[in-house]
Amino acid sequence: DQQVKQNSPSLSVQEGRISILNCDYTNSMFDYFLWYKKYPAEGPTFLISISSIKDKNEDGRFTVFLNKSAKHLSLHIVPSQPGDSAVYFCAAYKILTQGGSEKLVFGKGTKLTVNP
Amino acid sequence: NAGVTQTPKFRVLKTGQSMTLLCAQDMNHEYMYWYRQDPGMGLRLIHYSVGEGTTAKGEVPDGYNVSRLKKQNFLLGLESAAPSQTSVYFCASSGTGVGWTEAFFGQGTRLTVV
Numbered sequence: 033d034q035q036v037k038q039n040s041p042s043l044s045v046q047e048g049r050i051s052i053l054n055c056d057y058t059n060s061m062f063d064y065f066l067w068y069k070k071y072p073a074e075g076p077t078f079l080i081s082i083s084s085i086k087d088k089n090e091d092g093r094f095t096v097f098l099n100k101s102a103k104h105l106s107l108h109i110v111p112s113q114p115g116d117s118a119v120y121f122c123a124a125y126k127i128l129t130q131g132g133s134e135k136l137v138f139g140k141g142t143k144l145t146v147n148p
Numbered sequence: 063n064a065g066v067t068q069t070p071k072f073r074v075l076k077t078g079q080s081m082t083l084l085c086a087q088d089m090n091h092e093y094m095y096w097y098r099q100d101p102g103m104g105l106r107l108i109h110y111s112v113g114e115g116t117t118a119k120g121e122v123p124d125g126y127n128v129s130r131l132k133k134q135n136f137l138l139g140l141e142s143a144a145p146s147q148t149s150v151y152f153c154a155s156s157g158t159g160v161g162w163t164e165a166f167f168g169q170g171t172r173l174t175v176v
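The listed protein sequences correspond, in order, to chains P and F.
Just so you know, this note's numbering puts the end of the first sequence at 148, numbered straight through with nothing missing.
Just so you know, this note's numbering puts the end of the second sequence at 176, numbered straight through with nothing missing.
Worth flagging that the hints you see were computed from the coordinates, not collected in a lab.
Here the structure is a predicted model, which is why all the values come from computation and not from measurement.
Virtual Cβ for every residue (Gly too), placed ideally from N, Cα, C.
Treat the hints loosely; a few may be bogus.
[What the hints assert, rightly or not] Just the calculated beta-carbon pair ranges, DEER-fashion:
#, chain 1, residue 1, chain 2, residue 2, range
1, F, Glu92, P, Gly115, 25 to 35 Å
2, F, Glu114, P, Leu43, 12 to 22 Å
3, P, Gln46, F, Gly139, 39 to 49 Å
Based on the sequences and whatever the hints tell you, model everything.
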């Protein structure tokens, strides 16, 4: 049962334009959603997150939108740069009432290519 | 500050051989994790540890064992390697397990089992 889904394995955009990466989830109990960025031959690095009680979080060129009713989140990159070319993973986790959190659940990733 | 270091970075094993992957972190993190990444599958949790001397199973634990004898090290063992264990393995650590924004990943170990 795949709880976090990234249905687009790849996305190609022109430099300077907007990149929109999408993610759907099935578990309405998730408390936080995160985006990780991964370059080839490197480990994933944290990019941006959003709490389930918010609908938008912005950090520079990166904005994450959360639509709880649709169980959908998206990452917007504006403007896109060639250095943004990487695999982007959507992930989510649930806070435990006794403290700590459940494991991070990852989507399969979307490979973004930004063309000069 | 090295962060999370994985050794080795590459390895080729024959079916049935055994090996140990080492993960070391210098951030005094309590939580450590082993993931595997396969094409089209995202990252899947193999085992994890919430502190020195503790381990727990993740999503895909079969065929692997782990040990956390020291807080800074988390070892992943393959007792009898199989071709299905060909993958890229990532170790990660975090301070408390709450707030994955603080999790750090190693550079990965590419393992091929022939």
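Structure-based check of each hint:
no.	hint	result
1	F/Glu92 <-> P/Gly115: 25 to 35 Å	holds (33 Å)
2	F/Glu114 <-> P/Leu43: 12 to 22 Å	violated (42 Å)
3	P/Gln46 <-> F/Gly139: 39 to 49 Å	holds (47 Å)
The structure does not agree with numbered hint 2 stated previously, though it agrees with all others.
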